Amino acid sequence: MARRLKVLVSKEVRELVRDPKIILVMILVPSLMFIIMGEAVGFAAEKTAEEILKGVDTAFVDGDGGWASDLLYSIASSAPVSRVDRIQVTHGEDVADRALELAASGRYDLVIAVPQGFTENITSARPAVVLVYSVVRGLSVAAGAKPEVVTGLLESYKEHLVKQWLRRAFPDKDPNVLLNPFTVVEEAVVKGKALPQQALSMLMSQSFLLFLGPLILLSMAASIAAASIGVEKEEKTLETLLSLPIRGRDVLFSKAIATLIVAVIGTLSLSLGFTVYMRRVLSMPLEIASQAGATGAQPYGYSGGLGFSQVLELLGVGTVVVAVVGVFLSIMLVLLLSIVVSSLAGNVREAQALAGYIWLPLFIPLFAMMFLNITSLGPLGQAVLAMLPFATPLLALKAGFEGVPWIMYANLATNLAYSLLVLFLGARWFEGEKILTARIRARRRGLIRGLVGTGR
Amino acid sequence: MSKDRLLSVERLVKIYGDKPAVRGISFSVDEGEIFALIGPNGAGKTTTMRIIATLLKPTSGRVLVDGHDVVSEPLEVRRRISYLPEEAGAYPNMTGREYLEFVAQVYFEDPGEARAAVERGIEYAALGDAIDERVKTYSKGMKRRLQLARALMTRPRLLLLDEPTSGVDVVHAVHLRRVVKRVAREEGSTVLLSSHNMLEVEYLSDRVAFIHEGRILVEGTPGEVKKRYGAGNLEEAFVRALEEQGLSLGGSG
Numbered sequence: 001m002a003r004r005l006k007v008l009v010s011k012e013v014r015e016l017v018r019d020p021k022i023i024l025v026m027i028l029v030p031s032l033m034f035i036i037m038g039e040a041v042g043f044a045a046e047k048t049a050e051e052i053l054k055g056v057d058t059a060f061v062d063g064d065g066g067w068a069s070d071l072l073y074s075i076a077s078s079a080p081v082s083r084v085d086r087i088q089v090t091h092g093e094d095v096a097d098r099a100l101e102l103a104a105s106g107r108y109d110l111v112i113a114v115p116q117g118f119t120e121n122i123t124s125a126r127p128a129v130v131l132v133y134s135v136v137r138g139l140s141v142a143a144g145a146k147p148e149v150v151t152g153l154l155e156s157y158k159e160h161l162v163k164q165w166l167r168r169a170f171p172d173k174d175p176n177v178l179l180n181p182f183t184v185v186e187e188a189v190v191k192g193k194a195l196p197q198q199a200l201s202m203l204m205s206q207s208f209l210l211f212l213g214p215l216i217l218l219s220m221a222a223s224i225a226a227a228s229i230g231v232e233k234e235e236k237t238l239e240t241l242l243s244l245p246i247r248g249r250d251v252l253f254s255k256a257i258a259t260l261i262v263a264v265i266g267t268l269s270l271s272l273g274f275t276v277y278m279r280r281v282l283s284m285p286l287e288i289a290s291q292a293g294a295t296g297a298q299p300y301g302y303s304g305g306l307g308f309s310q311v312l313e314l315l316g317v318g319t320v321v322v323a324v325v326g327v328f329l330s331i332m333l334v335l336l337l338s339i340v341v342s343s344l345a346g347n348v349r350e351a352q353a354l355a356g357y358i359w360l361p362l363f364i365p366l367f368a369m370m371f372l373n374i375t376s377l378g379p380l381g382q383a384v385l386a387m388l389p390f391a392t393p394l395l396a397l398k399a400g401f402e403g404v405p406w407i408m409y410a411n412l413a414t415n416l417a418y419s420l421l422v423l424f425l426g427a428r429w430f431e432g433e434k435i436l437t438a439r440i441r442a443r444r445r446g447l448i449r450g451l452v453g454t455g456r
Numbered sequence: 001m002s003k004d005r006l007l008s009v010e011r012l013v014k015i016y017g018d019k020p021a022v023r024g025i026s027f028s029v030d031e032g033e034i035f036a037l038i039g040p041n042g043a044g045k046t047t048t049m050r051i052i053a054t055l056l057k058p059t060s061g062r063v064l065v066d067g068h069d070v071v072s073e074p075l076e077v078r079r080r081i082s083y084l085p086e087e088a089g090a091y092p093n094m095t096g097r098e099y100l101e102f103v104a105q106v107y108f109e110d111p112g113e114a115r116a117a118v119e120r121g122i123e124y125a126a127l128g129d130a131i132d133e134r135v136k137t138y139s140k141g142m143k144r145r146l147q148l149a150r151a152l153m154t155r156p157r158l159l160l161l162d163e164p165t166s167g168v169d170v171v172h173a174v175h176l177r178r179v180v181k182r183v184a185r186e187e188g189s190t191v192l193l194s195s196h197n198m199l200e201v202e203y204l205s206d207r208v209a210f211i212h213e214g215r216i217l218v219e220g221t222p223g224e225v226k227k228r229y230g231a232g233n234l235e236e237a238f239v240r241a242l243e244e245q246g247l248s249l250g251g252s253g
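Protein sequences, first through last, are from chains B and D. Take 1 as the starting number for the first sequence in my numbering and just add one per residue. Take 1 as the starting number for the second sequence in my numbering and just add one per residue.
Incorrect hints may have been included.
As the list claims (entries may be wrong) - Derived list of chain B stretches under chain D, where covered just means 3 residues or more per stretch with a C-beta under 8 angstroms from a C-beta of chain D:
#, stretch
1, 11–21
2, 226–237
3, 240–247
4, 429–438
To be verified - Label-pair ranges, simulated between beta-carbon atoms:
#, chain 1, residue 1, chain 2, residue 2, range
5, D, Asp69, B, Arg428, 14 to 24 angstroms
6, D, Lys57, B, Leu420, 20 to 30 angstroms
7, B, Leu372, D, Asp18, 49 to 59 angstroms
8, B, Arg428, D, Gly42, 26 to 36 angstroms
9, D, Asp132, B, Ala438, 32 to 42 angstroms
10, D, Asp132, B, Met33, 31 to 41 angstroms
Derived from the structure by calculation, the hints contain no laboratory data. All values derive from a computational prediction rather than experimental measurement. We put the CB at the ideal spot given by N, CA and C, even for glycine.
All chains, please: the whole structure from these sequences, using the hints.
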């Protein structure tokens with residue numbers, strides 16, 4: 001019987017990987033999408049950097065003429081990417097009007113205007129004002145990057161001024177220490193282990209991937225499984241297949257195994273695309289990344305993450321094993337359900353629609369789980385959580401982290417029971433006659449039409 | 001008659017929900033015999049075929065293939081049969097040869113036997129170089145030839161052919177009928193055939209049964225049936241058989 005199962009699996013895999021729709025939609029598009037996105041983000045970042053490096057044309061409108069405005073001018077003109085024209089304003093001329101007029105002329109990217117009395121206010125420690133006009137020439141990231149240069153300049157100027165005051169007030173003290181009297185070294189303690197807070201924050205912020213990863217894999221698996229049975233119906237091959245000297249359940253198993261193989265290939269392809277995307281975005285040179293801050297990219301070599309061994313240590317080997325087994329169980333459960341449910345359909349489109357309707361609502365509680373702590377739920381909530389289908393991978397990682405391991409074992413057992421039940425019922429479904437006649441009955445009752453619209 | 005009985009259908013009943021499709025039919029087919037079920041759409045031919053092919057369970061009655069019960073020993077029955085449904089397709093992304101190889105590997109454990117079956121299938125299909133092209137490029141007639149070749153190549157004890165030349169043009173239909181007759185005679189396969197085409201039935205069959213609204217009206221050799229109703233051909237005999245029973249030709253699909 002194992003020989004016949006192998007023959008069936010081989011047939012299923014061959015049929016799936018030769019289907020242009022599956023190759024395109026399940027394997028090529030997801031990976032290419034990330035690669036193209038990475039290239040687009042990288043291109044935008046490079047353009048931004050190029051724009052900045054071309055230089056920021058700045059007009060410095062000086063209505064003050066004191067030492068404080070001189071200092072601001074010298075800091076502005078010493079910035080490597082700035083070309084600064086100093087414009088003195090005559091008595092009686094309005095600084096703001098002159099600055100606006102220069103900004104409107106289109107000759108400058110940036111206009112910094114210092115009103116009369118600025119130095120006097122600074123010297124007397126009274127509130128002083130600097131006017132800044134950023135000329136916006138577009139809505140792109142690159143167009144918005146130039147004006148951001150001024151933020152750095154003014155921060156640097158402020159620091160310079162404060163240090164000057166501190167030197168005068170405390171000539172025997174280091175103004176840097178006075179400005180930053182202490183450094184915060186923050187660590188998070190998880191299960192008695194100290195971890196850099198930054199690393200933990202990153203782990204938390206990336207926890208959505210724990211939801212998104214399995215979601216992508218499961219949706220891909222469900223769709224391929226549905227296509228596999230949909231093709232049998234569409235091409236009218238199922239009746240012949242079930243009349244061959246094989247057990248009906250072997251047809252179910254072979255489809256599940258072949259779909260799993262193709263889904264894993266699809267997921268690897270997707271992961272490859274995602275890796276290329278991340279490398280493309282993260283590998284921007286440090287100076288470009290910092291200048292192109294609007295992209296939100298972290299400079300390459302950012303040391304805030306956790307290594308795999310640290311994650312393993314943090315969660316515990318048992319948790320990781322349960323999570324991995326949970327992923328496998330979830331996939332098998334989705335596959336078996338999708339195959340059985342989509343066997344009610346008459347073609348690939350109907351099959352994929354049916355499979356989608358079945359498993360998608362089950363993900364809603366998982367989505368909610370991302371925002372909840374297990375320990376904040378009462379006994380009833382925890383019991384419900386323990387029975388959620390497909391939840392083992394996410395639940396294992398959360399339960400392992402929160403120190404409530406029983407819930408992940410309970411969920412693993414529940415999902416194992418679900419899988420065995422679906423396997424048993426699915427085998428009976430494929431052994432019985434309803435797999436050939438159910439659609440007729442379902443259509444007669446308007447069930448298929450109600451779910452997937454028209455179609456035959 | 002010294003031949004062994006290969007197929008035995010006894011008081012077979014099949015009801016879908018509250019709609020009877022087969023109402024207690026009985027017939028038997030001897031080894032090496034070609035037996036045809038003749039009737040309009042909805043007469044119960046396909047349901048009977050599907051029950052014999054182990055795809056449907058009878059509501060009551062019994063069906064034995066080579067002594068094996070279709071309900072309690074479905075796998076034993078499937079090893080002995082080859083079923084060609086009326087609407088049978090092949091996997092669109094496989095070549096014709098790959099499809100035959102797949103089916104042969106399911107039937108035969110020995111690679112040599114499987115190879116020999118594939119060679120026979122290629123000969124029966126007579127698709128020429130197209131056998132190595134993907135099925136999705138085939139015309140309806142080519143697909144039917146491939147399917148018939150698939151059904152014949154395994155040398156089944158019982159061949160179930162539901163409308164074997166349905167949708168096939170005249171030239172290819174003649175080819176298919178010749179192949180069926182030759183293989184049945186040479187290999188000694190027993191054939192249960194259903195068809196609307198009376199010429200086809202008369203050409204191929206040793207015995208026929210008229211079936212209407214789930215009941216068998218008459219059974220015998222084509223000559224006996226025609227003689228009984230004083231008809232020149234089977235079509236005329238079928239109409240007269242209905243009239244004799246007070247029935248009309250208003251069967252539903």
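Here is what the structure says about each hint:
1. 11–21: Since 5 is at least three, the answer is holds.
2. 226–237: n = 4 at 8 angstroms, threshold three: holds.
3. 240–247: Result for this restraint: holds, n = 7.
4. 429–438: holds (count 4)
5. Asp69(D) / Arg428(B): 14 to 24 angstroms: This hint holds: roughly 19 angstroms between Cβ atoms.
6. Lys57(D) / Leu420(B): 20 to 30 angstroms: About 25 angstroms separates the Cβ atoms of Lys57(D) and Leu420(B), which means 20 to 30 angstroms holds.
7. Leu372(B) / Asp18(D): 49 to 59 angstroms: Hint holds: Cβ distance 50 angstroms, inside 49 to 59 angstroms.
8. Arg428(B) / Gly42(D): 26 to 36 angstroms: Hint holds: Cβ distance 29 angstroms, inside 26 to 36 angstroms.
9. Asp132(D) / Ala438(B): 32 to 42 angstroms: The hinted range 32 to 42 angstroms holds for Asp132(D) and Ala438(B), with Cβ atoms some 37 angstroms apart.
10. Asp132(D) / Met33(B): 31 to 41 angstroms: For Met33(B) against Asp132(D), whose Cβ atoms are near 35 angstroms apart, the range 31 to 41 angstroms holds.
The structure fails none of the hints (numbered hints given earlier).
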